[in-house]
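Novice: Listed below are the residues making up each chain.
Protein chains: 2
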Amino acid sequence: MENVNDSKLGRRDFLITAGLAGASMAAGSIANAAPPQNGRRPKTKSVMGLRTPKMETVRVGFIGVGSRGSGHVTTMLTLEGVDVKAISDTHRPNAERSAQACVAAGRSAPDLYTEGDRAYRQMLERDDIDVVLISTPWDWHVPMSVDAMKAGKHVLLEVPAAQTVEGCWELVETAEQTQRNCMMLENVCYGREELMVLNMCRQGLFGELLHGEAAYIHDLRGQMNEVERGTGSWRTYEYARHNGNLYPTHGLGPVAQYMNVNRGDRLDYLTSMSSPALVREKYAKDHFPEGHKWRKLKFTAGDINTTLVKTALGRTIMIQWDEQLPRPYTRHNLIQGTQGCWAGFPDRIVVEGKSPSTERWEQGKDLDRWYREYDHPLWKRLEAEAKRNGGHGGMDFVMLWRIVYCLRNGEPLDQDVYDAAAWSVITPLSERSVKNRGQSVDVPDFTRGEWKKAPPLAIVS
Amino acid sequence: MENVNDSKLGRRDFLITAGLAGASMAAGSIANAAPPQNGRRPKTKSVMGLRTPKMETVRVGFIGVGSRGSGHVTTMLTLEGVDVKAISDTHRPNAERSAQACVAAGRSAPDLYTEGDRAYRQMLERDDIDVVLISTPWDWHVPMSVDAMKAGKHVLLEVPAAQTVEGCWELVETAEQTQRNCMMLENVCYGREELMVLNMCRQGLFGELLHGEAAYIHDLRGQMNEVERGTGSWRTYEYARHNGNLYPTHGLGPVAQYMNVNRGDRLDYLTSMSSPALVREKYAKDHFPEGHKWRKLKFTAGDINTTLVKTALGRTIMIQWDEQLPRPYTRHNLIQGTQGCWAGFPDRIVVEGKSPSTERWEQGKDLDRWYREYDHPLWKRLEAEAKRNGGHGGMDFVMLWRIVYCLRNGEPLDQDVYDAAAWSVITPLSERSVKNRGQSVDVPDFTRGEWKKAPPLAIVS
Chain X
1 MENVNDSKLG RRDFLITAGL AGASMAAGSI ANAAPPQNGR RPKTKSVMGL
51 RTPKMETVRV GFIGVGSRGS GHVTTMLTLE GVDVKAISDT HRPNAERSAQ
101 ACVAAGRSAP DLYTEGDRAY RQMLERDDID VVLISTPWDW HVPMSVDAMK
151 AGKHVLLEVP AAQTVEGCWE LVETAEQTQR NCMMLENVCY GREELMVLNM
201 CRQGLFGELL HGEAAYIHDL RGQMNEVERG TGSWRTYEYA RHNGNLYPTH
251 GLGPVAQYMN VNRGDRLDYL TSMSSPALVR EKYAKDHFPE GHKWRKLKFT
301 AGDINTTLVK TALGRTIMIQ WDEQLPRPYT RHNLIQGTQG CWAGFPDRIV
351 VEGKSPSTER WEQGKDLDRW YREYDHPLWK RLEAEAKRNG GHGGMDFVML
401 WRIVYCLRNG EPLDQDVYDA AAWSVITPLS ERSVKNRGQS VDVPDFTRGE
451 WKKAPPLAIV S
Chain Z
1 MENVNDSKLG RRDFLITAGL AGASMAAGSI ANAAPPQNGR RPKTKSVMGL
51 RTPKMETVRV GFIGVGSRGS GHVTTMLTLE GVDVKAISDT HRPNAERSAQ
101 ACVAAGRSAP DLYTEGDRAY RQMLERDDID VVLISTPWDW HVPMSVDAMK
151 AGKHVLLEVP AAQTVEGCWE LVETAEQTQR NCMMLENVCY GREELMVLNM
201 CRQGLFGELL HGEAAYIHDL RGQMNEVERG TGSWRTYEYA RHNGNLYPTH
251 GLGPVAQYMN VNRGDRLDYL TSMSSPALVR EKYAKDHFPE GHKWRKLKFT
301 AGDINTTLVK TALGRTIMIQ WDEQLPRPYT RHNLIQGTQG CWAGFPDRIV
351 VEGKSPSTER WEQGKDLDRW YREYDHPLWK RLEAEAKRNG GHGGMDFVML
401 WRIVYCLRNG EPLDQDVYDA AAWSVITPLS ERSVKNRGQS VDVPDFTRGE
451 WKKAPPLAIV S
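As given, the protein sequences belong to chains X and Z, one line each in that order. Under the numbering used here, think of the first position of the first sequence as 1, with each following residue one higher. Under the numbering used here, think of the first position of the second sequence as 1, with each following residue one higher.
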């Protein structure tokens, strides 16, 4: 779940020094786009439910093959009908390592593009690439995606899709202008539990859905030890640039799918509060010598952020973010309906009329019968392969398998650019609310009304 | 934890019909008080840390001895130095039942005041009562407390203390004018776990405190079957009069104590969102015939409410309320600091440098060593008696024992009127935020600056 591309450090340092933190300013790709007004952007042709011509072979180019992107290469190599054509990474050894993986898998060696920050643009000029998979530091997500779509490629983009409202709109508008897919790779939506809960929700097991809870609570302080290279070397700066929910999509993505956000409902407004930011400064002091770059940073991101979202249908979603406190991992993954509730970490369920009592959770071995009845067909079909091939408990494999399946069969992808925008925009909007005493902030309707007509997501295989 | 006084139904129905829902309007006791302005009430003599002359015997009068108040009578009878002087209840059989309990315990029979809504005022005219303990429906809390303090009595008041901002100010101002105690009986603050966690916080086990979580999630739909008498007969109307957090104090009280709210920190502002209100209407339809009074109610209180509070020191508290969804009970009881975290339901802990790993909770039998090291002295002293005598796992006994101890020794009570106001005001402020798209609302500083000077709460025995 980390994006890694290590060679941008010099440039990033420059950006931070110059105060040019916005992704779109950094890239300048659509620098003159009109400023967004909530829900009032001129509507161009929607890409909701976009179907593209069937691809016999999905020809992929990768941008960024650090610890995250290299995993995607490996997984792609296990799939039928995929051709890894080219790889761009500013750190040549990364690119070579993934190229070797291709050869080791009996494929032809991909072409490499590794000279400088703009090498990926050369790769985009090729006409034998259908899809570009982007796993780079967050700043680069928007400009690279925009460039790729403008070059006629479909985009698979690591999370978060964008960190600014303007960046979200750029992705939406470019996808519409170019009629290309821009799917954010929210892998958690393909976890076994998440797929099963989606299945449960679609079958009405919990009744009418009322409330969800999502989180990314994951102590990542240790990444600060990646000082010169690796995720920590660029991600650490993010904690000194923001104060809000910096990483909302792993928790929110599945809950948004349960609730049919953008497909019958939508995120309407939110409010957000952050605690003080204390532990990263302490970690820097405890682990790095005086004068070290981490000790010069002023960490601004409150150690734990809590955001509340209200949907157009009146439901509520609580989203938490905390990447530094000493505490076990959780994404919450809670969905509450009129008839019952599922919650994760640890997994537990209660359903009125079906559980022995609603005063006690069913968990542990009690869950076996629920898996038997509700495991998602996609999971059941892929379980064996997923466990063999995929990272993160198989979810990475299932995600890429499903994307390749859809592209080869001319079916719409499960997540579209509106999802990418709605799930990612939590970051800048939470920042705005945090800054302003928790005042609530409207969430733009990136679909511009299309959410009312869109059918519920039904992931089938 | 329920307040029961059953005989006000006719009057309540009138109030609801006439739209006169506010407690202060209902009572008219300080009807002409100036409207409050946040933190700008004229400061009268604070009752923070109020010490009153030692009482050899604590002479108590009870108002309301339904299912909750009768329990308090029983518990009081187990304490040394307590004299139950009088009981008022508009339902005479209630009063007689508690009087018999006194006699059965070898005490003299208390005098009874049972004729009509104002009978309690006759009781207040006695000069042999020091303390009045009020366990009546919520509407009556403010007027009865105000009347009692004006009659020179100290007040022990069931939760919530008030349901309106004005009601909170009335309690504060009256306590200051009369220099009387007005303690809300937040029994949960005296639970074994809560006392232990308070002890842990005071000893700095979790480092600097950053974030807390509190809840009252308790499926109480079944109370609707108390149609003519009992808690449901009056509380059911509350769900048709509000939309917010109707019952914040059981969750918030302990967390506020951990954080030294009103004693070094204070609640600054909050924001709140409610889900749709669906399940009580369904319950009414499923369980009561057409034309039944429950089927005529329009339930307004969203099935689950989530409120975020920010403190003056920048900490955050998430508070949830849900008295109707099919789901196991929880008060969350989570406190997160820079070094570790405690969470309840189920109880679990993690402390950096002390737990085997911060990636896994210590729970179940792992907790034994924590109890051995951190059980609160008050709990250890009272455990055996508490388990024998008290409701709610002993917390009721410990609470009343501690109150009687303080009064007999001339020591300040652990909770004061500022706590009662700050913890209860969540209800009207959350309602205001819910109504207004989650806009944040300032929390009045009921202490008017005294919170900055007050020492931390140290419950000792």
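Accuracy of the hints is not assured; some may be wrong.
One copy or two, either will do: identical chains are not told apart, so a pair holds if it fits within one copy or between any two.
As the list claims (entries may be wrong) - Quick list of in silico lysine to aspartate or glutamate cross-link-like pairs, EDC-like style, CA-CA up to 16 Å:
id : residue 1 : residue 2
1  : 282       : 265
2  : 452       : 268
3  : 453       : 347
4  : 285       : 265
5  : 452       : 385
6  : 296       : 286
7  : 387       : 228
8  : 453       : 373
9  : 435       : 268
10 : 296       : 347
11 : 452       : 125
12 : 354       : 366
13 : 85        : 125
14 : 380       : 115
15 : 282       : 219
16 : 435       : 411
17 : 282       : 208
18 : 296       : 111
19 : 54        : 450
20 : 282       : 352
These are computed hints drawn from the structure, not numbers from a lab.
Novice: Please name the hints from earlier in the document that this structure breaks, with their numbers sorted from lowest to highest.
Specialist: 1, 3, 4, 5, 7, 8, 10, 11, 14, 16, 18 and 19
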